[in-house]
Amino acid sequence: MGPLPRTLELFYDVLSPYSWLSFEVLCRYQNIWNINLRLQPSLIAGIMKDSGNKPPALLPRKAQYLASDINLLRQHLQVPIQLPKDLFSVLLEKGSLSAMRFLTAVNLEHPEMLEKVSRELWMRIWSRAAKKAGMSAEQARGLLEKISTPTVKNKLKETTEAACKYGAFGLPVTVAHMDGQTHMLFGSDRMELLAYLLGEKWMGPVPPAVNARL
Amino acid sequence: MGPLPRTLELFYDVLSPYSWLSFEVLCRYQNIWNINLRLQPSLIAGIMKDSGNKPPALLPRKAQYLASDINLLRQHLQVPIQLPKDLFSVLLEKGSLSAMRFLTAVNLEHPEMLEKVSRELWMRIWSRVRDEDISEPQSILTAAKKAGMSAEQARGLLEKISTPTVKNKLKETTEAACKYGAFGLPVTVAHMDGQTHMLFGSDRMELLAYLLGEKWMGPVPPAVNARL
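Going down the list, the protein sequences come from chains B and W. Just so we're aligned, residue 1 is where the first sequence starts under the working numbering, counting upward by one. Just so we're aligned, residue 215 is where the second sequence starts under the working numbering, counting upward by one.
Honestly, the hints are just simulated from the structure, not real lab data. Glycine included, each C-beta is placed from N, C-alpha and C at the ideal position. One thing to keep in mind: the hints can contain errors.
As the list claims (entries may be wrong) - Heads up, simulated DSSO-like pairs for lysine-lysine below, C-alpha to C-alpha not over 30 Å straight-line:
1. Lys268/W with Lys85/B
2. Lys308/W with Lys201/B
3. Lys54/B with Lys429/W
4. Lys165/B with Lys268/W
5. Lys393/W with Lys85/B
6. Lys429/W with Lys85/B
7. Lys54/B with Lys268/W
8. Lys157/B with Lys201/B
9. Lys268/W with Lys49/B
10. Lys165/B with Lys429/W
11. Lys49/B with Lys429/W
12. Lys54/B with Lys308/W
As the list claims (entries may be wrong) - Residues on chain W that point at chain B, a partial pick, calculated with CB under 8 Å:
13. Cys241
14. Leu251
15. Arg275
16. Lys276
17. Gly395
18. Glu420
19. Val434
Start from the sequences and build out the full structure, keeping to the hints where you can.
Have a look at this one:
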């Protein structure tokens with residue numbers, strides 16, 4: 001048996017476009033690198049509040065840059081991400097509390113579905129095309145009922161606080177646990193650095209498809 | 215003769231640690247990729263003011279993150295960058311006006327020295343071995359001489375930093391960065407096929423390679439002979 005896989009925690013919110021990019025790249029590498037990817041649904045609004053930070057889109061030039069950055073990264077990372085017509089409404093008004101509570105419930109009850117359902121939610125906000133994640137209507141209804149329970153509310157709160165304890169001031173946050181050390185990396189643009197820290201090979205954001213590790 | 219080199223403008227300030235990282239990576243690739251790297255000394259304080267942005271170090275968790283990020287990037291990018299003991303004083307009090315005016319003067323009169331002098335100024339602030347000042351005239355002269363300038367040349371340029379020509383040139387360059395949409399530094403502007411792409415930060419180099427249709431070999435590419 002080879003060395004133990006290193007745990008990578010990905011703290012994310014579907015309201016965060018860069019979280020989607022981190023998510024897709026790490027999902028691609030989870031069967032290539034010797035890692036155990038643990039998705040951690042979090043609330044970006046809670047992280048902003050706790051850290052005293054503000055959403056970048058509030059600064060006009062950052063909002064402008066975000067638009068062009070996302071457009072370029074769509075091509076480079078091959079993720080079908082586009083800014084919604086009502087970007088400011090999405091980012092600053094609607095919020096993601098229900099969505100992230102829903103994903104928290106999925107993580108608690110059907111963790112094997114978390115990747116697909118997360119992707120589906122991102123697709124709904126950040127992509128003109130949306131597919132279905134394969135959850136039965138019954139499953140979905142049952143989970144929707146659960147999102148207001150104390151269990152789910154508290155779990156989302158705890159996960160968000162964990163991100164804050166790691167020093168988060170935004171999302172996505174990737175936490176790599178290795179050799180008794182913990183490294184917190186912010187943003188979707190630290191993946192090559194992550195590979196370096198893990199001693200793994202970086203093959204760009206779209207690595208050649210590889211057979212699942214045996 | 216092959217295709218024309220694409221012009222890359224790098225807007226930077228020696229007060230900006232991430233600018234140093236962008237600078238070193240692009241300097242490595244300037245003899246590998248088909249590019250013409252044009253260094254553009256700018257004033258980050260001017261960009262902050264014009265854009266309404268604030269230095270990230272003002273937010274405690276960002277300051278904390280910056281420290282650990284720089285430490286990791288030092289190893290990954292192999293740039294000897296370390297936070298000075300008096301980080302907040304360097305970033306928020308002393309400033310970089312004289313230093314960037316000096317580099318502006320170098321760019322006007324001895325552009326072939328700009329890369330080396332810029333590097334020396336970064337080394338003064340951001341390399342623990344030195345941990346030195348850049349706001350005093352003597353500091354700037356020392357850096358220029360270390361870069362290979364004669365004392366005479368250096369002094370001559372230092373005298374020019376209060377002239378309207380130099381002051382205006384720095385102002386224009388900073389405004390140019392703002393027109394490209396800058397809210398901080400470093401900003402890399404790639405001119406290609408009639409298009410202009412503005413990229414912020416030292417972490418868009420792989421994307422830049424993708425846009426240029428060039429090969430990304432990591433932040434420390436194998437040394438290559440200069441292009442013929």
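Consistency of the hints with the structure:
Proposed proximity of lysine 268/W and lysine 85/B is supported: the alpha carbons are some 28 Å apart, at most 30 Å. The hinted pair formed by lysine 308/W and lysine 201/B fails the criterion: a straight-line CA distance of about 41 Å is larger than 30 Å. Of the pairs offered as hints, the one joining lysine 54/B and lysine 429/W is violated, with about 36 Å between alpha carbons and a cut-off of 30 Å exceeded. Taking the CA atoms of lysine 165/B and lysine 268/W, the gap is about 24 Å. The hint holds against a cut of 30 Å.
With a CA separation close to 25 Å, the supplied pair lysine 393/W and lysine 85/B stays within the 30 Å bound. Among the hinted pairs, lysine 429/W with lysine 85/B is inconsistent with the structure: their alpha-carbon atoms are about 35 Å apart, more than 30 Å. In summary, the hint linking lysine 54/B to lysine 268/W is supported, as the alpha carbons are separated by about 11 Å, within the 30 Å threshold. Of the pairs offered as hints, the one joining lysine 157/B and lysine 201/B is violated, with about 35 Å between alpha carbons and a cut-off of 30 Å exceeded.
At most 30 Å may separate the alpha-carbon atoms for a hinted pair to count; lysine 268/W and lysine 49/B meet this at roughly 18 Å. Proposed proximity of lysine 165/B and lysine 429/W is contradicted: the alpha carbons are some 38 Å apart, above 30 Å. Restraint check for lysine 49/B and lysine 429/W: the C-alpha separation of about 41 Å exceeds 30 Å, so the hint is violated. Under the criterion of a C-alpha separation no larger than 30 Å, the hint pairing lysine 54/B with lysine 308/W is consistent with the structure, at around 27 Å.
Checking cysteine 241/W against chain B by beta carbon gives a least distance of about 19 Å; that is not within 8 Å, so the hint is violated. Hint status for leucine 251/W relative to chain B: violated, with the closest Cβ pair at about 20 Å, above 8 Å. The interface hint given for arginine 275/W is met, as the beta carbon of that residue sits about 4 Å from the closest beta carbon of chain B, less than 8 Å. At its closest, the beta carbon of lysine 276/W sits 6 Å from a beta carbon of chain B; the interface hint therefore holds under the 8 Å criterion.
With a least beta-carbon distance of about 6 Å to chain B, the hint placing glycine 395/W at the interface is held under the 8 Å criterion. Residue-level restraint check for glutamate 420/W holds (minimum Cβ-Cβ distance to chain B is 7 Å; threshold 8 Å). At its closest, the beta carbon of valine 434/W sits 10 Å from a beta carbon of chain B; the interface hint therefore is violated under the 8 Å criterion.
Hint violations for this structure: numbers 2, 3, 6, 8, 10, 11, 13, 14 and 19, all remaining hints satisfied.
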